[in-house]
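Novice: Residues per chain are reported as follows:
Number of protein chains: 2
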Amino acid sequence: MARLVELLQEFMAGGKRIRPVFAVLGWQAAGGMSDMAAVIRVAASLEMFHAFALIHDDVMDGSDTRRGRPTMHRRFAGDGDDDRTERYGMSAAVLLGDLAFTWSDCLLHTAGLTSEQASAVVPLINDMRTEVMLGQYLDLRATGELTDDVDATLTVNRYKTAKYTIERPLHIGAAIAGADASTLAACTAFALPLGEAFQLRDDLLGVYGDVRDTGKSRLDDLRAGKNTTLVALALRHGDATHKDRLRTLVGDPALDESGAEEVRTIFAATGARDAVERMIDDRYRLALRALADSPFTPDAVTALEHLATTATRRNA
Amino acid sequence: MARLVELLQEFMAGGKRIRPVFAVLGWQAAGGMSDMAAVIRVAASLEMFHAFALIHDDVMDGSDTRRGRPTMHRRFAGDGDDDRTERYGMSAAVLLGDLAFTWSDCLLHTAGLTSEQASAVVPLINDMRTEVMLGQYLDLRATGELTDDVDATLTVNRYKTAKYTIERPLHIGAAIAGADASTLAACTAFALPLGEAFQLRDDLLGVYGDVRDTGKSRLDDLRAGKNTTLVALALRHGDATHKDRLRTLVGDPALDESGAEEVRTIFAATGARDAVERMIDDRYRLALRALADSPFTPDAVTALEHLATTATRRNA
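Those protein sequence lines, which keep their order, are chains A and B.
Going by the working numbering, the residue at position 209 of the first sequence is 209; the numbering climbs one at a time, nothing skipped.
Going by the working numbering, the residue at position 169 of the second sequence is 169; the numbering climbs one at a time, nothing skipped.
One or more of the hints may lead you astray.
Unchecked claim - Reference excerpt, derived from the structure (chain A facing chain B, CB under 8 Å, subset only):
(1) 84
(2) 88
(3) 101
(4) 115
(5) 129
Claimed, not checked - Quick list of simulated restraints, FRET-style, between CB atoms:
(6) 127/A <-> 316/B: 36 to 46 Å
(7) 154/A <-> 211/B: 43 to 53 Å
(8) 256/A <-> 17/B: 28 to 38 Å
(9) 123/A <-> 127/B: 19 to 29 Å
(10) 277/B <-> 123/A: 30 to 40 Å
(11) 123/B <-> 127/A: 22 to 32 Å
(12) 75/B <-> 151/A: 25 to 35 Å
(13) 75/A <-> 10/B: 44 to 54 Å
(14) 182/A <-> 81/B: 53 to 63 Å
(15) 254/A <-> 274/B: 52 to 62 Å
(16) 154/B <-> 151/A: 18 to 28 Å
(17) 239/B <-> 6/A: 51 to 61 Å
As the list claims (entries may be wrong) - Covered stretches of chain B (in silico footprint by chain A; criterion: 3 or more residues with CB under 8 Å from a CB of chain A, positions within the stretch not fixed):
(18) 39 to 51
(19) 82 to 90
(20) 196 to 204
(21) 269 to 281
Note that these hints are calculated values from the structure, not bench results.
The C-beta atom is built at its ideal place from N, Cα and C for all residues, glycine as well.
All chains, please: the whole structure from these sequences, using the hints.
Specialist: Dropping the structure here:
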């Protein structure tokens, strides 16, 4: 038990706290004043839920590093690399994720929400959880079967990231402050384009980022065969040789840095990398426009503008 | 999404509904009268949570059958048996379990509990979840490292089964009926010995049961190297040859029926099988005595007596 708590603490210490920040800003945007303690606790519950989601995602993707350290299933497996040790590492990580899910519920249940707040917030949390899991399911089905269906990649992006990382946390915070439907709609108008841009940046960082900044290997996404928007665009606009090479390289579990460099060359040659940069920029502008049109409090607008910039221009 | 719901429905159709039954009986035992709808919904939430737990347990144990059908990770993997298909099956099953967990929360949150009921029930549910996960963690750590520590196996049994399957469902139902501390204590006095007996019967069925009754292969527990009380007793009381053979056979993923028959012969020769039968009987009697001393309503006592008998004498 102590070992599990220790590993989870260590894991959570490395997070960027994006969802808690958006929850608190949603609360502030909707004019939250007197219930800061409740929103902070709910925000902590979101971060604990996110620990669950990442630990399980890493098991599903078979990733070796996260936040600059070995992933949880690798930690549990230790130095062994036989089948039994691998299975133990995977199992213990699934279980640690399950515990984090349980404890995120404990944090939610002890947040001190009034019954009005709870009846507004709890359905949003349940929706958020179902959405991110369905997004992950779509992602899982798409992984390893590369297609040039750019829209399909954007749908996964919307469920797995835009709604989960930005829209729902904003909604949840706003609901604690008693937000009406138009405030929630303004959260959505800002969150979805920004969230898509955030994931598109993540897709780029997964291939071009520096492990010293991102904490994860820039071979993982390519090895796992992630069907990102970047990959779909390259498949759509590449010639026959590009397509053939991409289908060989992306999803090869033994891909090395020279193979990854060839993939990067194809992303440049097909214009896919530039196209993703333009998509990020378009969405960033849409998000800022939605913010300007929103009924949010001025302090919240300033903070959200700042976050929109860092979320789309970041290198980590 | 439709596919996920369909598989989960199919999976849940095969369950024995043990935890829901104990929840409703706990409610009845504590004099529940007017809130049958709420306890039924909470009971459904427990069954949905149990689907989560079983789907994840099967992934961790690498089991092939459950409830007479292929386990969920096997269903998702389909006919393929390469690494990528295996990983997809495992990942999709982890995710389906996660969805069942989420949906068990939805059922709980829409059960229509009053705020008094919710504040009594929710902490019990959180405790139950943490307990079963810690029990599973202990089980995981013990699996593959056989010991003759009979007490350690009974500790896992208590957390993983006795508390999870019987004590907590009774508590949860009783709390909905507004049970006081002495009624909850009476639930514990009945539930722990009965739950231990239930698991000991399960351990025996895992080795001696008929797949047509139990729905699971009687090679799975042995192949997985489960350190049951039965195995611990045989290791404690066996001679050097018995111990040596047990350590070779239990935990061998390729164990066949003739190897299993040899293990059964050792369980008989060391007296382990008879000892487990006696332990079941002792605990069954303790449970009946606790029931006789309890403040439960007469109808509930009759129903619980009946369940105690079927839970310890069952063949499925």
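Novice: Are any of the numbered hints broken by this structure? If so, which, sorted upward?
Specialist: 8, 10, 13, 16, 17, 18, 20, 21
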